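Engineer: If you want the building blocks of each chain, they are given just below.
Protein chains: 2
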Amino acid sequence: MRRTITGFSNPTVKSLRALRDKKHRRREGKFLAEGLRLLTDARESGRLPEMLVMADERDDHPLLSALIDDVEAAGGEIVETAPDILSKITGKDNPQAVIGVFEEFDTALAQIDRSAAPIWLVAQALRDPGNLGTMLRTGDAVGAGGLILIDDCADPFSAEAVRASMGAVFTQRIAQAPWDAFIAWLRTGEQAQLVAASLRDAVPYRGAAYRAPCFILVGNESRGLPEEYEASCDLRVTMPMRGRADSLNAAVAAAVLSYEVLATLES
Amino acid sequence: MRRTITGFSNPTVKSLRALRDKKHRRREGKFLAEGLRLLTDARESGRLPEMLVMADERDDHPLLSALIDDVEAAGGEIVETAPDILSKITGKDNPQAVIGVFEEFDTALAQIDRSAAPIWLVAQALRDPGNLGTMLRTGDAVGAGGLILIDDCADPFSAEAVRASMGAVFTQRIAQAPWDAFIAWLRTGEQAQLVAASLRDAVPYRGAAYRAPCFILVGNESRGLPEEYEASCDLRVTMPMRGRADSLNAAVAAAVLSYEVLATLES
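The listed protein sequences correspond, in order, to chains A and B.
All letters in the first sequence, in the order written, are residues 5 to 271 by the working numbering.
All letters in the second sequence, in the order written, are residues 5 to 271 by the working numbering.
No lab work stands behind these hints, which were simulated from the structure alone.
Possibly wrong hints are sitting among the right ones.
It does not matter which identical chain is used: a pair holds within one copy or between any two.
[To be verified] List time: in silico DSSO-like cross-link candidates among lysine-lysine, alpha-carbon distance up to 30 angstroms:
1. Lys18 <-> Lys34
2. Lys34 <-> Lys92
3. Lys92 <-> Lys27
From a predicted model like this one, the values you see are computed outputs, not experimental measurements.
Required output: the full structure, derived from the provided sequences and hints.
Structural biologist: Structure, rendered in structure tokens:
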């Protein structure tokens, strides 16, 4: 279905703008992804937006045409609007912008099949949506199955997380759970290994005895992991710190550790 | 020297606010670092601000007292102001904020002593100040000597880069140079190895023949490295990509590679 929006006060404009806000996203169960590249990644991963919004005056692009065709074929909506109304929705002055509205995925732990991948990333109280998106991107790169968000993390469906994920938000499984529920789930069924990046009672990350499915846990950007969480892990590993600082950026720590685990599991 | 600022229109207020802008920083040769933790890192690295700005109503803290003493002893200025004026300067509503004004460092290549460290990071046209700060932080962690910024990079003295560096902006050497000048400098004097994270004509990053001083080069976030830059490298290495994407976040790629180089050089 195609339609054209001509007025700033159109309810669709208001509702799209509101999706930049987490509370509204939660209530609607929808999120935005912006840009032809990201939307093409989504499409190639079998995820189509239920609505596609773009300017009526725009350049043609074969990937955009393919996207429009697929969204229409799937019964989605194509919305065209004036460049200035589009700017109001995106908050940016880019008349080539294309926005997709997606249904949020089910983020129940039960959606995770741990045998589907050798590596899973787990973030606890990670507050920076950019870090969260970067972890999704790294997860894709190391062949992880997905990212499990423990306690009060940033929203994986925020614009910043979606952007930083470079499309991995559409390919990585995402689950959200409180710590207790996560541990109960992890310790049931096929044996899994929980590995923490830690400074306490830890062995060198290089050459540690990783085994699949390996769940790599990183903590909050400033506080790290609670001590009792670390105590529940099967393995605590530490990276060399040759300088003044005693920690790495959380997404960096997850990546260095993930690549080490990948190398061990594939050797 | 201590003084109190009571008016919003005070020229110091205006000049501090202007330091959030790159053009103004360049002209003044100064930059801001905010927060007691960051300023304490700077102090412990032997870098003191020439001016310290804080609210007149604030909680006492032994680290703050130590900082004030040291800045005064070094002939720096202590400026106290009302919480609302402080908020205007920082753009944040935090009456406990402490801001330091630092002189920008000399970023000439000639300042770099390559024999001082086994690893150096090099970023080409890196546009995200958060990535740049994260690379500084990683550099500190792996015992790198510093970060060399090639072509048109984000400003290492921007608030976001300084914050993401977690103090490493004060401990890592920072140099800026166009590519030709960098290569001419690199190929003169003690032999150095230039390693690019690359997809073209590359060997696996794991087990590659790294040697010190090793210069690790990563490219722009969306375009990567120009082909002719890669061709000038002594070694092109690639990380496994098991998913859909063909690249990592630039700061993540730098970190994974840095830790591999560190492990090789120390083994």
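Engineer: Against which earlier hints does the structure fall short, listed by number upward?
Structural biologist: none
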